[in-house]
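J.: Chains as they are written, first to last, in this note's numbering: chain A, 11 to 307; chain B, 2 to 323.
Calculated from the structure, these hints are not laboratory results.
Treat the numbers as computed from the prediction; the structure is a model and nothing was measured.
The C-beta atom is built at its ideal place from N, Cα and C for all residues, glycine as well.
Some clues are possibly wrong.
Unchecked claim - Pairwise CB distance ranges, derived in the manner of DEER restraints:
| id | chain 1 | residue 1 | chain 2 | residue 2 | range |
| --- | --- | --- | --- | --- | --- |
| 1 | A | V106 | B | Q153 | 49 to 57 Å |
| 2 | A | Y38 | B | L18 | 48 to 56 Å |
| 3 | B | S108 | A | V106 | 31 to 39 Å |
| 4 | B | D225 | A | D206 | 30 to 38 Å |
| 5 | B | P239 | A | V35 | 23 to 31 Å |
What the hints assert, rightly or not - A few chain A residues facing chain B, derived, Cβ under 8 Å:
| id | residue |
| --- | --- |
| 6 | L44 |
| 7 | N122 |
| 8 | A125 |
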Amino acid sequence: MTTLAGPRVGETRPRRRPRMTPRRVALYVLLIGLALLYLMPVYVVLVSSLKTLREVNETSIWAPPAQFDPSAWGAALTPPLQNAGGIASGLANSLVMTIPAVIVSSLWGAVNGYALSAWRFRGSELLFGLILFGLFIPYQAILIPLLTSLQVLRLYDSLAGLALVHVVYGLPITTLIFRNFYAAIPGELLDAAKVDGGGFWSIFRRVYLPLSVPGFVVVGIWQFTSIWNEFLFAVTLTNSPDTQPVTVSLQNLAGSFAAAYNVQMAGALMTALPTLIVFILLGRYFVRGLLAGSLKG
Amino acid sequence: MSRRQHLWAAIVLVPALVSTGIFVYGFIAWTGWASLTDWNTIRRVSGFLPPAPYLGLDNYEAVFATPRFWTNDVFANLVFTAVFVGGCIAMGLLLAILIDQHIRAESVFRSIFLFPMALSFVVTGTVWAWILNPVEGVNVLLDAVGISVIRQALLDFGPLQPVWGALDSLRIDLLRPGLTADTRAVVGAIALAAIWQMSGFVMALYLAGLRGVSDELREAGRVDGASEMAIYRRIVLPLLRPITVSAVVLLGYVSLKMFDLVFVLTRGGPALASDLPSIFMFETTFKGHQWARGAAVATLMLIASAVVIVPYIRSQLRAREA
Numbered sequence: 011m012t013t014l015a016g017p018r019v020g021e022t023r024p025r026r027r028p029r030m031t032p033r034r035v036a037l038y039v040l041l042i043g044l045a046l047l048y049l050m051p052v053y054v055v056l057v058s059s060l061k062t063l064r065e066v067n068e069t070s071i072w073a074p075p076a077q078f079d080p081s082a083w084g085a086a087l088t089p090p091l092q093n094a095g096g097i098a099s100g101l102a103n104s105l106v107m108t109i110p111a112v113i114v115s116s117l118w119g120a121v122n123g124y125a126l127s128a129w130r131f132r133g134s135e136l137l138f139g140l141i142l143f144g145l146f147i148p149y150q151a152i153l154i155p156l157l158t159s160l161q162v163l164r165l166y167d168s169l170a171g172l173a174l175v176h177v178v179y180g181l182p183i184t185t186l187i188f189r190n191f192y193a194a195i196p197g198e199l200l201d202a203a204k205v206d207g208g209g210f211w212s213i214f215r216r217v218y219l220p221l222s223v224p225g226f227v228v229v230g231i232w233q234f235t236s237i238w239n240e241f242l243f244a245v246t247l248t249n250s251p252d253t254q255p256v257t258v259s260l261q262n263l264a265g266s267f268a269a270a271y272n273v274q275m276a277g278a279l280m281t282a283l284p285t286l287i288v289f290i291l292l293g294r295y296f297v298r299g300l301l302a303g304s305l306k307g
Numbered sequence: 002m003s004r005r006q007h008l009w010a011a012i013v014l015v016p017a018l019v020s021t022g023i024f025v026y027g028f029i030a031w032t033g034w035a036s037l038t039d040w041n042t043i044r045r046v047s048g049f050l051p052p053a054p055y056l057g058l059d060n061y062e063a064v065f066a067t068p069r070f071w072t073n074d075v076f077a078n079l080v081f082t083a084v085f086v087g088g089c090i091a092m093g094l095l096l097a098i099l100i101d102q103h104i105r106a107e108s109v110f111r112s113i114f115l116f117p118m119a120l121s122f123v124v125t126g127t128v129w130a131w132i133l134n135p136v137e138g139v140n141v142l143l144d145a146v147g148i149s150v151i152r153q154a155l156l157d158f159g160p161l162q163p164v165w166g167a168l169d170s171l172r173i174d175l176l177r178p179g180l181t182a183d184t185r186a187v188v189g190a191i192a193l194a195a196i197w198q199m200s201g202f203v204m205a206l207y208l209a210g211l212r213g214v215s216d217e218l219r220e221a222g223r224v225d226g227a228s229e230m231a232i233y234r235r236i237v238l239p240l241l242r243p244i245t246v247s248a249v250v251l252l253g254y255v256s257l258k259m260f261d262l263v264f265v266l267t268r269g270g271p272a273l274a275s276d277l278p279s280i281f282m283f284e285t286t287f288k289g290h291q292w293a294r295g296a297a298v299a300t301l302m303l304i305a306s307a308v309v310i311v312p313y314i315r316s317q318l319r320a321r322e323a
């Protein structure tokens, strides 16, 4: 399990499937029961978000809606009440802030990972360890200086400032994933390229980058999910609806008495949708990022 | 030639080095320094290091002298960590072993158990606040199947009283109605939501490990006449021990800095029963404007997590070298 090319969770072992015995039936009953338990919140969210205000207040949380009423979805985006918030601006802000942050931090991580794996020099391992430490600090320990610095640099309460913060603190994980990914590229390939007289940049361009697509997918998905879902930086470094990411606007929506539960659930669903879609389409790569972040990739 | 190329590698890493030096190590040092000053009053912040009188360890003494810090924060965090880590390991291992049985639709089940990991803790908190709602949700469902009678019978059952008493005082007694609104149940209720979200992560760790346990090894066990149960107990689980260590360390770290989920679910309430150091730090700093005292709490959090995580990074990097 030292490299990303190692055994993967996403792959099924080819082996014949045992016959159905009472034991196997019990196994499936248990699995399906647990699956329903894990899906229970999804059902509650979906059902609640499709109820009317009256219905969500009067019927059981478990009852399906009498008819599908999408008004809570609209209300979650832009509430009819003035100044009641809504997550429409948050969704837009998150998108505008997340995408450049993902691109920049992925590219930066690729270059770092390449330098650390293909061109090891004295002290490069120590350097990697120093960078990696940033992956495991509670961000509270840097939050106050970060806020102060952003204020001085006039980047407080701005999407650019928040994107910068995510690039900087995403550095350890993007570097880690790319370093391990590139370490799996056979040394012979690198040696041959060096014998051919390839330099640092030309080998990166001609040999490593063309092989990097899976690496970029893993890092891109990981960064997108983490940045989109992040809350601590978002809530401390932004202050106005014009810059607050969606996690903050959802929290405001959920914390306000103006929003009933059907609206809150619709908001939660819409906040979750982008990362959920990515997970459903590219879950295999998400798992690889997950394992890499535990240093187990 | 080669030397110049290696120089390129070093040059390319300079921005990463500078960024880490400033944003990680520099800011940690800054936080540490700030925690020793009187950066407590509301004042216009001008410049990077506003002048503030040096106080020494006064802020730490003040934090330690706050009853809230020990009886709520540290206590709740220890209980939460134990329940959350234990629950995730148990569920994760169970799910991994079930999925490892060459089942049909394996990837579907895997995705179902793992999808909560793709969600924000803010989403989880919003949703579970509704599910754990005192007058609705889980509580009503349980009542509908007559659980309230069973619950009351269990609570009244004499021999079990000490158990309920102990669980009450640990704030994880999930037999109480009104989970997030009950000081005796709230930590357990938050842990429940957290386990729902993170147990799939542990499952993925164990599955990766199980894939590494060769079929030949298991087959050898079967040839020797060992039952499936014995194969797991004697062969597979011991091989998974390093993964358990990783999972405990990583979940412990997640638990120590846990903020968003609690902030959204309960804000540390009711009556500070689910207050964690992260909430204390946030409120002290940003609501109370006591920056230096918040920095002291943050420094304590960092020390606590470094004690766990630094040996882990070192052992992982060393294992990789070997």
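J.: State for each hint whether it applies.
T.: Hint check results:
no.	hint	verdict
1	A:V106 / B:Q153: 49 to 57 Å	holds (53 Å)
2	A:Y38 / B:L18: 48 to 56 Å	holds (53 Å)
3	B:S108 / A:V106: 31 to 39 Å	holds (34 Å)
4	B:D225 / A:D206: 30 to 38 Å	violated (54 Å)
5	B:P239 / A:V35: 23 to 31 Å	holds (30 Å)
6	L44	holds (7 Å)
7	N122	holds (5 Å)
8	A125	holds (4 Å)
Comparing the model with each numbered hint stated earlier shows that hint 4 is the single one that does not hold.
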